[in-house]
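Since chain A is already given, all that's left is putting chains B and C on it; use the hints.
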Amino acid sequence: MNAPNASGWKPAMGDGSGEAAPTSSGDAALMLEEKLIFELAGCDTTGVDFDEQPGEIDPALGRFARKQRAQLPGLSEPETVRHYTRLSRQNYAIDLGPFPLGSCTMKHNPRLNEKVARMPGFADVHPLQPVDTVRGAFEVMNELAHWLIELTGMHGVAMSPKAGAHGELCGILCIRAALEAQGDAREVILVPESAHGTNPATAAFAGYKVEAIPATKEGRVDLAKLKERLGPDVAGVMITNPNTCGLFERDMKAISDAVHAAGGYVYCDGANFNAIVGKVRPGDLGVDAMHINLHKTFSTPHGGGGPGSGPVVLSEALSPYGPLPFTARMEDGTVHLVEEESLKEFDHAKSFGRMAAFHGQMGMFTRALTYILSHGADGLRQVAEDCVLNANYVLRRLEDTLDAPYGASGPCMHEALFSDDGLAEGFSTLDIAKGLIDEGFHPMTVYFPLVVHGAMLVEPTETESKDGLDRLIESIRHVAQRAKDGDEALHGAPYYAPRRRLDETQAARKPVLAWQGEPGVPRIPTPSEVGDR
Amino acid sequence: MRYLPLTDDNRREMLEAIGAREIDDLFVDVPAEARLKGDIEGLPKQASEMAVEKHMRRLSKKNLAANDAPFFLGAGAYRHHVPASVDHLIQRGEFLTAYTPYQPEIAQGTLQVLFEFQTQVARMFGTDIANASLYDGSTACWEAIVMAGRITRKSRAVLAHGLHPHYVSTAQTMAKFTKDELFSGAPDLDADCDEDAIIAQIDDRTSCVVVQYPDILGRIPDLAKIADAAHDRGALLVAVVTEPVALGLIEAPGALGADIVVGEGQSLGVGLNFGGPYLGLFGCREKFVRQMPGRLCGETVDADGKRGFVLTLSTREQHIRREKATSNICTNSGLCALAFSIHMTLLGGAGLETLARINHSRARLAAQRLGDVKGVRVLNDVYFNEFTIVLPSDAREVVRELAERGVLGGVSLGRLYPDEEALANGLVVAVTETCTPEDIETFATTLSAVLEGEAA
Amino acid sequence: MPRYFTEDHEWIDVDGDVGTVGITDYAQSQLGDITFVELPEKGDTLKKGDAPCVVDSVKAASDVYAPVSGEVVEVNGDLDGEPELVNNDAEGDGWFFKIRLSNADELSGLMDEDKYSSFVDNL
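Those protein sequence lines, which keep their order, are chains A, B and C. Last residue of the first sequence: 533 (UniProt numbering), numbering continuous. Last residue of the second sequence: 456 (UniProt numbering), numbering continuous. Last residue of the third sequence: 123 (UniProt numbering), numbering continuous.
Quick partial rundown of chain A residues pointing at chain B, CB under 10 Å, derived from the structure:
1. Ile37
2. Gly62
3. Thr85
4. Val446
5. Ala514
Hints are computed from structural coordinates only; laboratory data are not their basis. Every residue gets a Cβ at the ideal spot worked out from N, C-alpha and C, and that includes glycine.
Just chain A, with the same shape it has in the complex (with noise of 0.2 Å):
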């Protein structure tokens, strides 16, 4: 043998005996911290090129032109992808593992609808751009909003808001312009008190006094008291069916007869749409509005918060109503943009006007129809029966480790209620929620409904598989068990994320928004800091 392993590489497992030792970097292995962009760079470095430096330039600028360059840092393309695929990776997200926020709707995103609406027929087209350039565009608008026609049974729809609150006030609004045509002031929208706080926001928002539908023991709006307190000045009801206990509103369609019967309309919040698409039709049921979010039912990305979509469907008696710009498919098959410039050509000047620039969320519409188109009705109908299906399994595989207060009110629709019900003395929901963290899952959604103390809403969607249900039922009875055990441990929890439990108070009562800059290093004063002009 000549020099056996000359190189002298011997793998070795150690004896197992060594402690870890604090690290130097303050990185551990994968576990990586990023500074902040203000910490790794100047003002004067790019990471861009471009094709020629301006020599001078004869400014038509006035008195206007800037004294100093603004204080912002560049980075190199290479460090820049750098630091953000760093900080990603303290991101939890849907592509990781399961994420049941309950009326959330956390589901997988598909990458096709990616694709597409980066096409550059959709991505890079302006929307002043002359009509006959854009037809495209306007037959993708025109298209979504007949499916969404379809698939709540309504009359019209609205496409131009640009979230799920949006989605509500115009709603809302349209419901105030209807009645105030019929020369009907009317003060009061009736919520119920398991609602969603955007709903009397909402309301508040367009001028209207709030009040509060007292729920039935079950869980489900009480049509009696509801009958009774409706009169000739309530201007509506805002519903959520299915409602945030993730029940199915048995009485809907009563509901929408007796407020119709005393003159007012029916709000419904669609953010639970997803559990019946293409099984029940709202329109079939009596509504006069309802906001679909379509980064929630039809899938389109959440993006750690927005941006999101809510188109809103409309009835007959509040389609005249509805928000420009709109699209209108003529008889020869053609997709017109109705804005101010054709309002009268199109009939439409009731309108209660626009309630933002341009045409809406064409970037979500893209991929909503891509979303739609690739179900189908019968891939639609499988959505609402799997993530029931879910659901349910999650209902019944935890009511015997929490509380379900709503267990015995029949199967539940596309969520799964608990409480901390029966937890040990001073342990929470918060460390329940904690306590998954360190397990690996995205916590459920935590208290909320009001209407229930220290709730859990498990949302688990359609697009997880039997075997993550089953993971992340385990993990939900371990810690729930610990937490009913009186583990002290939990309250520390999380330990193996990136940051433990984060100081809200502070961060409250002392708001630091902006980086201040390192001490003694010279910043540009913003002008309040100068002091007023």
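Below, chains B and C alone, put in the same frame as chain A:
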């Protein structure tokens, strides 16, 4: 169905675990008459990726993409080159498929980005602070108006004539319902912004003056002058920036006395997208923070004392304050904010300045060249990358004819102000770094041919 | 100096025709860490039952009601930078505002310390 992992065996097994015989047992609460008997009318069955992509591609081909023609549209949406790494990074699943960072321990990536974004926007605008974004510029503008009302406890807003007409109509729609009083009007085809006319509208009931900078015709109003006049009467100045690239070359509105600065962030990172999703930018003085709309990310520490970030001051928001919330807005435009922030990080202050200089220099070239076309008058003396030209005839027609000849030649004022005959001959022309000198030449010669009535 | 309590967990100390108003120690303990207190302005006229203050904790915003009618004569400016005063001393340094009573009869509907404490025990 490729997106649904449950197998039929799974479904049977799970129904059994639940104690249900069939899936419809789980829908018992839906009254039978409300259940759909068959498929949704006309909707085909599920389709393959290939089939759906083909259908969508066919629709996309019916549009003329900006890259396929000399392109000069602006008026609130601008075409800029977006570096390839921006789109790559925002498609990382950890960003794309995350939710609003309500569990901060496992959302530090999104939160740190928002903190950086807020700082970038504040520095760009010259404000103390900025929020984590709103839907778009037009809704941000309305939010600024109502915020000024809360701060001053007054309800009359003066909208300068140069404010984007869609922003004006968005505010008018909302004001109908909130009973705010708005002063507004269309601009004159004049090189002068007429600050005095705006100042004359300010009275003791005025909550704010809203001024677009540069304005819809590309002119640059004297913010400092208006700020002083507003402050003298206890009103706030709201500046609206629809083209943030301009701030690489012109003074930040905050430094000129604006109390609230809002804007459309689409120019950086986001792209045209036929009008949405876009990115509402919102900055203001720190003392107004509790009246500010939208999400805010703040710095704090964790239980081990490490720096970290959380969403904060959320009691302003409607999911908590319900009918007393500061705003109706619930979502921000997170992914667009990320794109903006990445693009801004690639540019840096130096790159932004160079980009702005190229834009301005191309606009200078275009204004000179178009001004040489017979019958065309350039309105502006002062502009950044957008200016208005006055044609001898209705600009709407000219724009259509230009498009037929393969040139996307700006936004006609007739499209924006259909009821204002006096503006009908005006054409707003935006010139960014994507417009080459050859494009400008093509535009000028085609425009000349159209105006001369030459056959295509 | 007599101290009165409301069912909404406000307290009021009355000295002559001026009352000092705050929230009770029980209320602060239920709210958790208080992060901000929105106060009325000096000179505001309040009717009994108005909500001139909002107390923010991290995840909740709660209205504080005027226990009596009158004019606000002073507000506790210390709360501006130091909302934790309410957590540390709700019924002392953490007071909210002083009000000149316009109708002293309204006090008769309020609880004394004993009654309030048994009211809280029964919650």
